[in-house]
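**Student:** Chain order of the listed sequences is A and B.
Add 34 to a position in the first sequence, counting from 1, and you land on the number used in this note's numbering.
Add 812 to a position in the second sequence, counting from 1, and you land on the number used in this note's numbering.
Be a bit skeptical, because a hint or two may be false.
[Stated by the list, open to error] When the alpha-carbon atoms are kept at most 20 Å apart in a straight line, the in silico SDA-like pairs for lysine to any residue are as follows:
no., chain 1, residue 1, chain 2, residue 2
1, A, K62, B, K887
2, B, K860, B, G831
3, A, K62, B, Q853
4, A, K174, A, L239
5, A, K62, B, V983
[To be verified] Here are the computed distance ranges between Cβ atoms for each label pair:
no., chain 1, residue 1, chain 2, residue 2, range
6, B, K887, A, V143, 52 to 58 Å
7, B, G921, A, P184, 31 to 37 Å
8, B, G915, A, E44, 44 to 50 Å
9, B, G995, A, L150, 40 to 46 Å
10, B, G982, A, D240, 49 to 55 Å
11, B, M813, A, P184, 52 to 58 Å
12, B, G915, A, L150, 20 to 26 Å
13, A, P215, B, P964, 23 to 29 Å
14, A, D147, B, D1001, 39 to 45 Å
15, A, L150, B, E953, 51 to 57 Å
16, B, L889, A, D213, 47 to 53 Å
17, A, L105, B, D828, 17 to 23 Å
18, B, A967, A, N182, 53 to 59 Å
19, A, R169, B, M813, 21 to 27 Å
[To be verified] Covered by chain B, according to a simulated footprint, are these stretches of chain A (three or more residues, beta-carbon under 8 Å):
no., stretch
20, 38-45
21, 94-102
22, 105-112
23, 173-179
24, 204-210
Honestly, the hints are just simulated from the structure, not real lab data.
Everything numeric in this text was worked out from a predicted model, so none of it was measured.
Glycine residues also receive a C-beta, built at the ideal position from the N, C-alpha and C atoms.
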Amino acid sequence: MQELPEYRREEPGAQPPALHPPYASTLKRAPLQATMRLPHSLSEITGPLWDSSHLRPGDDDLTRQHQGEALGERIIVAGRVLDEDGRAVPSSLIEIWQANACGRYRHDVDQHDAPLDPNFTGRGRVMTDEEGRYRFVTIKPAPYPWRNHPNAWRPAHIHLSLFGPAFATRLVTQMYFPDDPLIPLDPILGGVPDPAARLRLVSSLDLEASVPEWALAYRFDIVLRGHAATPMEG
Amino acid sequence: MPGQTPFQTIGPFFHDGLGWEGGEDLVRPETRGERIAIRGQVLDGDGKPVPDALIEIWQANAEGRYNHPEDRQEKPLDPAFMGFGRSATRQDGSFRFATIRPGRVPGRGNALQAPHVNLGLFSRGLLRRLVTRIYFEDCPENSEDPVLALIPHPARRATLLARRSDGADGVVYRFDIRLQGEGETVFFDC
């Protein structure tokens, strides 16, 4: 039998519970029974792997996917994808979606009274390189209202979806921007119990990665689960 | 040691960002194995359909091998089968996949697992991914499966058994997912 690696479990406090009443939609959707702990077998330590055939030209620049340039503040988002041991996660697909510079998604369900930008779809894809680095160009999304509570507005954010090396390392998250006054009021970000872990979702201004007179850069590093210390017998 | 990046909800607007051409169809004409359809519906705590969920599946090929370097079993890979699928629920909460019946894969220790499909569920109103497994009700190997054996109550175990029907369009397994309340599906801490 081959030796099977096992992945670390959730870091206490870093992952939100299913039920978080301040986020009202969790009330009828969160399971209430205790979850069963799944031993990591081949089913959990394998997962879909991707190559660059899943990328199309322009996937890494959301501002230039149409005839004209997208409206809004052009920004660069860049960072590294690491595991909990600080090792780079190479060739990991990152799927990206976001609202436009007015806080509106190109989506039938989004009825927010804000203009659509015909030159902005708000969808991108990138892959990490051998050092786990990724980079894409987009516009800074705006906050938008939602119906969770009176005057509820989501802080500006970009959705990111990552696979990592295994079914167990799958992550869907949101990246926020520094100094957004809506951050402390947001019940979705507030679902993360540990305040220090919440801060991991806030990007930081990165002048070094910025391009003078063209775009500021925001750095956002992502940490996926690492291998557990002692591999068990397969 | 860097800390884990927290999960956040997929929200209601993921369809473009997570669009996947042919995501619901895992088979090509040359794929080996018995064709099956998996169909189901996602329901909330009031029994209402969830129209904005995303279901992802990951499974072994017909021989019981995953298309991944960590699977070093001496079984053939199928170049025409990757094993990953994605389906966004419709207005009625339904999702569907066209796939093949997976073979058995080993579990921890010496136990062989019954054929199963690994499932991840995301939606608005869920701050995290929910993980469960689809087993096939007519599989005699279910009785020796080490994961099903972890679930003491038979009624709860039954929430992981897809129900078979044989129609004009082939074998269909029905797997409804109840997020909350009566008949709540068993979810795993993965």
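**Student:** Which hints from the list above does the structure break, by number from lowest to highest?
**Tutor:** 1, 2, 5, 6, 7, 8, 11, 12, 13, 18, 21, 22, 23
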